[in-house]
Amino acid sequence: MSTVYVVAQFVGESVSKTTLELATCGARVGSVTAIVFAGSGKGPALASALTQSPIANVIVFESEEFAKHSVPAFSDALSQLVLVNKPDAVLITSSAFGKELAGRVAVATDSGIITDAVDVASDLSCTQLVFGGSTTVHSRISHGTPIITVRPNAITADLSPCTPAVSTATFTLSAGAKSAEVISTAPFVKGGRPELAQASVVVSGGRGTNGDFKPVEEFADLLGAAVGASRAATDAGWYPHSLQVGQTGQTVSPDLYVACGISGAIQHRAGMQTSKTIVVINKDPEAPIFELADFGVVGDLFAVLPQATEGVRARKS
Amino acid sequence: MKIAVCVKQVPDSWAEKKMVNGLLDREGVDAVLNDLDEYAVEEALRIVEAHGEGHTITVISMGPERTSEAVRKALSMGADDAVVITDAGLVGADALMTSKVLASVIASGGFDLVLCGTESTDARMSVVPAMLAQRLGWAQLTFAGSVVVDPTSSEVTITRVTEDGVDTMKAKFPAVISVIEKINEPRYPSFKGIMAAKKKTMDIRALATVGIPAESSWSAVSDASPRPPRSAGVKIVDEGKGGEALVNYLAEKKLI
Ligand SMILES: Cc1cc2nc3c(=O)[nH]c(=O)nc-3n(C[C@H](O)[C@H](O)[C@H](O)COP(=O)(O)OP(=O)(O)OC[C@H]3O[C@@H](n4cnc5c(N)ncnc54)[C@H](O)[C@@H]3O)c2cc1C
Ligand SMILES: Nc1ncnc2c1ncn2[C@@H]1O[C@H](COP(=O)(O)O)[C@@H](O)[C@H]1O
Chain A
-6 MSTVYVVAQF VGESVSKTTL ELATCGARVG SVTAIVFAGS GKGPALASAL TQSPIANVIV
54 FESEEFAKHS VPAFSDALSQ LVLVNKPDAV LITSSAFGKE LAGRVAVATD SGIITDAVDV
114 ASDLSCTQLV FGGSTTVHSR ISHGTPIITV RPNAITADLS PCTPAVSTAT FTLSAGAKSA
174 EVISTAPFVK GGRPELAQAS VVVSGGRGTN GDFKPVEEFA DLLGAAVGAS RAATDAGWYP
234 HSLQVGQTGQ TVSPDLYVAC GISGAIQHRA GMQTSKTIVV INKDPEAPIF ELADFGVVGD
294 LFAVLPQATE GVRARKS
Chain B
132 MKIAVCVKQV PDSWAEKKMV NGLLDREGVD AVLNDLDEYA VEEALRIVEA HGEGHTITVI
192 SMGPERTSEA VRKALSMGAD DAVVITDAGL VGADALMTSK VLASVIASGG FDLVLCGTES
252 TDARMSVVPA MLAQRLGWAQ LTFAGSVVVD PTSSEVTITR VTEDGVDTMK AKFPAVISVI
312 EKINEPRYPS FKGIMAAKKK TMDIRALATV GIPAESSWSA VSDASPRPPR SAGVKIVDEG
372 KGGEALVNYL AEKKLI
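Chains as they are written, first to last, in my numbering: chain A, -6 to 310; chain B, 132 to 387.
Just so you know, these hints were derived from the structure itself, not from any lab. Remember, it's a predicted structure, so these values are computed and weren't measured experimentally. A portion of the hints provided could be inaccurate.
With a straight-line Cα cutoff of 30 Å, these simulated DSSO-like cross-link-like pairs (lysine-lysine) come out [as the list claims (entries may be wrong)]: (1) Lys303(B) with Lys207(A); (2) Lys385(B) with Lys183(A); (3) Lys301(B) with Lys79(A); (4) Lys133(B) with Lys183(A); (5) Lys385(B) with Lys133(B).
Residues from chain B that keep clear of chain A, each with C-beta distances beyond 10 Å, as calculated [to be verified]: (6) Leu267; (7) Thr283; (8) Arg336.
What follows is a list of derived Cβ distance ranges for each label pair [said to hold, decoys possible]: (9) Pro154(A) with Arg197(B): 41 to 49 Å; (10) Ala168(A) with Glu180(B): 29 to 37 Å; (11) Ser115(A) with Gly324(B): 28 to 36 Å; (12) Ala238(B) with Asp277(A): 33 to 41 Å; (13) Lys303(B) with Thr178(A): 55 to 63 Å; (14) Gly241(B) with Ser24(A): 26 to 34 Å; (15) Gly230(A) with Ala351(B): 41 to 49 Å; (16) Glu180(B) with Ala158(A): 56 to 64 Å; (17) Gly342(B) with Pro180(A): 21 to 29 Å.
C-beta: ideal position from N, C-alpha, C; glycine also.
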C-alpha cells in the first residue's frame, strides 16, 4: 500500500483548509499520514484537530527548535522521517514556508521537487499552470521521493470525518539548522477575515482607493472574502505587506477575485490571473486589468462598490 | 568580507513565453537580469559601502552563454567580478541541479555571505536559496526585509518578512540570504560603471571545471500545451447602475 505524507498546518489550534485539500489529493495515491510539527506540549491539541478528510495516520513532532530555528528545523524533522520510512510522496502547501521546506527536504533526501501543482493524479503526475496561467504543463518526478507543493484552493477538500491513529517521532537538529536563530518574532495581527491564500473570494484594492479601503472591506465582509492589496497600496502604507497580491506578494486563485482601482501591472497579474472569475472596477477604460475581466465596470469604485454592497445586502435579506 | 550574489537571466516579464520540447524557449525572447536579483546586488553593494575597503562582491550565474549579458549588468552596478557556469549538459537543469552547481562554486570560493533574490520570475519556484543553505550547511536567512552585517564579530542580523509576520534572525558567517523587493531601491548603472564593467573579470566555467558530472534532472515535463485564452468578458460603463449590474452578474454566476 502506498503512503503519502501530508504536512499539516494550523491557524492557532484549528487545522487549515489547505491541509484538508492536501489530504484529499494524497488519498488518490495511497494512505495519508499527516505530519504535525508542534511546540512542546502542543502536539495532542493539534493532532486532535485532524478530524476531517481521508487522514489514516498522524505523526507528531514536538520540539521547541521549530520556533527557534524556523524552516531548517522543520526540514530536518521531515527529511529524517522520509529517509527512514520512504513514503511514496510528500505533499506540502505552496507558500513561502512550504516551498522552502520542500526545497530543503528535496536536497536532504536527494529527491525531485515540483512546486505550485494545481492537481496531482493517482500516478503522481502533476499539473502546473505556468507563464501567468497561459500554459498547462504536466510533469513528473523521476528521482527519489516526489516532493510536491500544491496551490491552495486548487482541490476541493473531502470533508468526511476521520479518526486517525496518532504516533510521535523525534529528530536531531543539524548543525546547519542550528546556525541561524530566531531572536524575536512579531506575528501580524490577523483580523476576522479568511486567510488570503485560502479564501474562495478575494476583494483587492489598489492606488485607486486613495488610501480609503472602507468600501473594499465592506464589500469583502459581506461576501465573507479576504481583502488583498496591490503593491502601490502596500508601499503607500495603506495596507500591510502581508496582504499584497502579486509576484512579490501572495499568489491567490480564488473562485472570485474583485480588483478595485488596480491597473493590472504584470507583477500584480502574476499573483491573481489564475482566479476562476475576475471582476474589475476601474475608472480608466484602458486599464490593462480589463483584459482579464470576466465582468468589468468602467467607473468610480467609490460609487460602484457601495451600490454593489447595498445590492448584495438587499438580496440577502 | 567576500560576498557572492547569485543572479539569473530570465525572459523579459512582458515577453510571451512558450515551451518547446518541454523546456522554456529562451532563444526567441528578450532576456534580462531577473529584476528580483537586482535587489540582492544592490544590498551587497550597500553592505560593502557601509564597511569601507577590502570587501569584494562576486556575481555567480548559471545559464546559457548569453547569461553573461545579465551578469554584465550586475557588474556595471558595481560588483567586482563574476563566475558564469555554462554548459550544454545544463540545458533543462532543474532546481536540484542548479543548486548543486551553484553550491559547488560557492563552497570553493571562500565566501562569507551569499545573497539571492526571492524568486526567479520565469520558474517562480522560490526554492534555490533554501536549497543552497541546505547543501552548504550554512545559516538560512531568507526573505530579508533588512540586513545588518557586523564584519568584526562575523554576525549578520535580518528581519524575515513572511505572510505570518516579521521575525528577527541572527547568525554567524557563513550565511545564505535572500532579500525581498522592499529592502532597497536598486541603482541604475552609471556610464562610468558600464565602462568599468567591460574590464572586469568574468570567469566562464564548464561543468567539468566545477567538478560536477552532467546528470539527468530529478523531474521532467511530460507535456505542455497553451491554455485557451480567457474568453472576452463583459465590460460596461457605469452610468449610475454599475454596482447593481455587478451584483446581477455575481448572482447569475451563483457567486453570491
Ligand atoms: C520587482 C517588482 C515587484 C512587484 N511586485 C508586485 C506585487 O507583488 N504586487 C503588485 O500589485 N504589484 C507589484 N509590483 C508593482 C506593479 O508594477 C505596479 O506598480 C502596481 O501593481 C500598481 O498598483 P495599482 O494598480 O494599485 O496602481 P496604479 O497602477 O497606479 O493603478 C491605479 C488604478 O486605479 C484606477 N483608479 C484610480 N482612482 C479610481 C477610482 N476612484 N475608482 C476606480 N478606479 C480608480 C486608475 O485608473 C488605475 O488604473 C512590483 C513591481 C516590481 C518592480
Ligand atoms: N541559474 C541560476 N543562477 C544563479 N542564481 C540563480 C539561478 N537560479 C536561481 N538563482 C537564485 O535563486 C533565487 C531564487 O530562484 P528560484 O528558486 O529559481 O525562484 C534567484 O532570485 C537567484 O538569486
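Evaluation of the provided hints:
1. Lys303(B) with Lys207(A): Roughly 45 Å between the alpha carbons, so the hint for Lys303(B) and Lys207(A) is violated.
2. Lys385(B) with Lys183(A): 29 Å, holds
3. Lys301(B) with Lys79(A): Distance ~34 Å between Lys301(B) and Lys79(A) Cα, so the pair is violated.
4. Lys133(B) with Lys183(A): Distance ~40 Å between Lys133(B) and Lys183(A) Cα, so the pair is violated.
5. Lys385(B) with Lys133(B): It is violated: about 59 Å lies between the C-alpha atoms, which goes past 30 Å.
6. Leu267: The claim breaks: Leu267(B) does not keep its Cβ more than 10 Å from every Cβ of chain A (closest is about 8 Å).
7. Thr283: Given a closest Cβ separation of 19 Å, the condition holds.
8. Arg336: 22 Å, holds
9. Pro154(A) with Arg197(B): 41 to 49 Å: With a Cβ separation near 57 Å, Pro154(A) and Arg197(B) fall outside 41 to 49 Å, so the hint is violated.
10. Ala168(A) with Glu180(B): 29 to 37 Å: 32 Å, holds
11. Ser115(A) with Gly324(B): 28 to 36 Å: Cβ of Ser115(A) to Cβ of Gly324(B): about 55 Å, so the range 28 to 36 Å is violated.
12. Ala238(B) with Asp277(A): 33 to 41 Å: For Asp277(A) against Ala238(B), whose Cβ atoms are near 52 Å apart, the range 33 to 41 Å is violated.
13. Lys303(B) with Thr178(A): 55 to 63 Å: Given a distance of about 20 Å, which is not inside 55 to 63 Å, the answer is violated.
14. Gly241(B) with Ser24(A): 26 to 34 Å: 48 Å, violated
15. Gly230(A) with Ala351(B): 41 to 49 Å: Given a distance of about 45 Å, which is inside 41 to 49 Å, the answer is holds.
16. Glu180(B) with Ala158(A): 56 to 64 Å: Since the Cβ atoms of Glu180(B) and Ala158(A) sit about 58 Å apart, the hinted range of 56 to 64 Å holds.
17. Gly342(B) with Pro180(A): 21 to 29 Å: 43 Å, violated
The structure is inconsistent with the numbered hints 1, 3, 4, 5, 6, 9, 11, 12, 13, 14 and 17, although it conforms to all the rest.
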